[in-house]
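What follows is the residue order along each chain.
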Amino acid sequence: MAFLSRFMKRLVSLRRTQVALLTLGTLAGMVAWAVFSHRSQPKAPDPARVQLWQKITPRLQQADQDGAQTGQRHLERLSDFFIEKRWYARDFAEDALGWGGKWAFVKGKVAGDDGKAHQEYLRAAFERHFFTGRDLQELLQSVITGYLTEVEGQENALLVAIRADLSEQDLPALQQLAALRSDEAFRNEYRKMLEQVIPTISRDMKITLGREAVVWVGSDIAAAVTVRIASAVAVRLGISGGILGTGAASGVATLGIGVVVGFLVDGAVDWIMQRIGYDPVGKIAGEVSATLSRIEQLLLDGDPEAHTVYRHMRRLQDQDPIPFVRSECRKAADRVETGGSLGLRYELNRLRELRCRLREAALKRLILEGGGAL
Amino acid sequence: MKWLKRLLRWIGKRLLMVLLVALAFKAAQTICWRNQVRLVPPPSLDSWDPTERVEAAWEAARKYGGGKE
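Chains as they are written, first to last, in the numbering used here: chain F, 1 to 374; chain Z, 375 to 443.
The shape of chain F in the complex, shown without the other chains (with noise of 0.2 Å):
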């Protein structure tokens, strides 16, 4: 209180001069603070560019709607592959229950291997019916690169779709672009903005973005994505290998253990059970199947309590009253979407979803702004 009643003191004590040259300074910098801000303030796009960027924008929402339906086709690709191998589950059964598996266990019995000759049979059974892990990861492979390669052909469609539709227009600043002259030069140009808002991407997004967002090699993405989803698929099924690549061996036998606890039983009293009416060979395809629908799901959808979890991650990213978890949530969300185990759906759904935005902000900045730095 005391600085207070000085200050209002020597205020009231100040000499018209003084006075007059406080306000005059005091008002001087308001009109610098006034100038700086509209000068730092972005210009407003040309009215002309914004009734274009609308009239692009449907095209846009098109191919998001687009690149989901494509998605979901590819996605079936797998479904379709599941389906077919169930058929096999009571070739495979029978297989198992016939006299090369029960020759496998009694040999295993009498040299006392711990039933590893069983399990070698059974796996090199499950590979002959059903699959390899490499058939697998090939099988992943060729979907994830297969619905890349489609999505960039539905890119470079709307590209040239979008040129036409920006040639079209009576815009001397547009016309001027050296992006309108062809298809590949337009291609070319579309490039190079999409480079530059990676970094707004990766800000909005909270992700990093790499230059092979740009690029978008799909074998790579493919490689990628596959690994990460098998990982994650093994560790839900307890292999510790891997269910892909070289894994493989040690995975299968693994995977079917439920089956070989079923054959352990039924293998050495199925003649007895047939005769009332017990059925092994349907328990045992049933137990495959079962199994091969659970690797299905994992592959597909991911595991259901992973989403739950990470869902509820992202909220506490969001809503949080604490900094420091709102943070350590994010990282720790950051990890699960990694992981795999959100499911190829999601992986393909993100990819799509990442390319959109990528797709949007760079033509916003060719057309707004026809190519030139913010």
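Worth flagging that the hints you see were computed from the coordinates, not collected in a lab. Be careful, since some hints might not be right.
What the hints assert, rightly or not - Only pairs whose alpha carbons sit at most 25 Å apart, straight line, appear in this in silico DMTMM-like list of lysine to aspartate or glutamate: (1) F:LYS109 to F:GLU287; (2) F:LYS102 to F:GLU287; (3) F:LYS85 to Z:GLU433; (4) F:LYS192 to F:ASP46; (5) Z:LYS437 to F:GLU305; (6) F:LYS85 to F:ASP66; (7) Z:LYS437 to F:GLU168; (8) F:LYS85 to F:ASP301; (9) F:LYS55 to F:GLU155; (10) Z:LYS400 to Z:ASP423; (11) F:LYS55 to F:ASP135; (12) F:LYS55 to F:ASP165; (13) Z:LYS437 to F:ASP334; (14) Z:LYS437 to F:GLU296; (15) F:LYS364 to F:GLU120; (16) F:LYS331 to Z:GLU433; (17) F:LYS331 to Z:ASP420; (18) Z:LYS437 to F:ASP301.
Unchecked claim - To give an idea of the chain Z side of the interface with chain F (calculated C-beta under 7 Å), a few residues: (19) LEU419; (20) ALA431; (21) TRP432; (22) ALA434; (23) ALA435; (24) TYR438; (25) GLY439.
What the hints assert, rightly or not - Pairwise CB distance ranges (calculated): (26) Z:PHE399 to F:ARG326: 46 to 54 Å; (27) Z:TRP422 to F:PRO199: 32 to 40 Å; (28) F:ASN349 to Z:MET391: 49 to 57 Å.
C-beta atoms are modelled at their ideal positions from N, C-alpha and C, and glycine is treated no differently.
Got chain F; can you put chain Z on it based on the hints?
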């Protein structure tokens, strides 16, 4: 003012004790979570305790995200 000093010292001691007990409790709880001791319930994302929410988030990251921190 002597009584005030004594009061402050008394409060300080109690606060320190509470802090030490809380630290020991959290340390023991974290060890149990990391070693998945069944008697102690696993950390929950819905807990009132922020450290438990963070622990639950990282446990989920370890479980579903490849296990690296």
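Do the hints match the structure? See the list:
1. F:LYS109 to F:GLU287: holds (24 Å)
2. F:LYS102 to F:GLU287: holds (19 Å)
3. F:LYS85 to Z:GLU433: violated (36 Å)
4. F:LYS192 to F:ASP46: holds (22 Å)
5. Z:LYS437 to F:GLU305: holds (11 Å)
6. F:LYS85 to F:ASP66: violated (29 Å)
7. Z:LYS437 to F:GLU168: violated (55 Å)
8. F:LYS85 to F:ASP301: Distance of about 19 Å is within 25 Å: holds.
9. F:LYS55 to F:GLU155: OK: F:LYS55 and F:GLU155 at ~17 Å, within 25 Å.
10. Z:LYS400 to Z:ASP423: The hint holds at about 10 Å.
11. F:LYS55 to F:ASP135: violated (46 Å)
12. F:LYS55 to F:ASP165: Roughly 9 Å between the alpha carbons, so the hint for F:LYS55 and F:ASP165 holds.
13. Z:LYS437 to F:ASP334: This hinted pair holds, its Cα atoms lying about 13 Å apart.
14. Z:LYS437 to F:GLU296: Within the cut-off at roughly 20 Å; holds.
15. F:LYS364 to F:GLU120: violated (59 Å)
16. F:LYS331 to Z:GLU433: holds (12 Å)
17. F:LYS331 to Z:ASP420: holds (18 Å)
18. Z:LYS437 to F:ASP301: At roughly 17 Å apart (the allowed maximum being 25 Å), F:ASP301 and Z:LYS437 satisfy the hint.
19. LEU419: holds (5 Å)
20. ALA431: Since chain F brings a Cβ to about 4 Å from Z:ALA431, closer than 7 Å, the hint holds.
21. TRP432: holds (5 Å)
22. ALA434: With Cβ-Cβ at 4 Å, under 7 Å, it holds.
23. ALA435: Holds, about 4 Å.
24. TYR438: At about 4 Å, which falls below the 7 Å cut-off, the nearest Cβ of chain F leaves the hint on Z:TYR438 intact, so it holds.
25. GLY439: Nearest chain F Cβ about 3 Å off; hint holds.
26. Z:PHE399 to F:ARG326: 46 to 54 Å: Once the Cβ atoms are compared, 24 Å apart, the range 46 to 54 Å for F:ARG326 and Z:PHE399 is violated.
27. Z:TRP422 to F:PRO199: 32 to 40 Å: With a Cβ separation near 38 Å, Z:TRP422 and F:PRO199 satisfy 32 to 40 Å, so the hint holds.
28. F:ASN349 to Z:MET391: 49 to 57 Å: Taking Cβ atoms as reference, F:ASN349 and Z:MET391 lie about 53 Å apart, which means the hint holds.
The structure is inconsistent with the numbered hints 3, 6, 7, 11, 15 and 26, although it conforms to all the rest.
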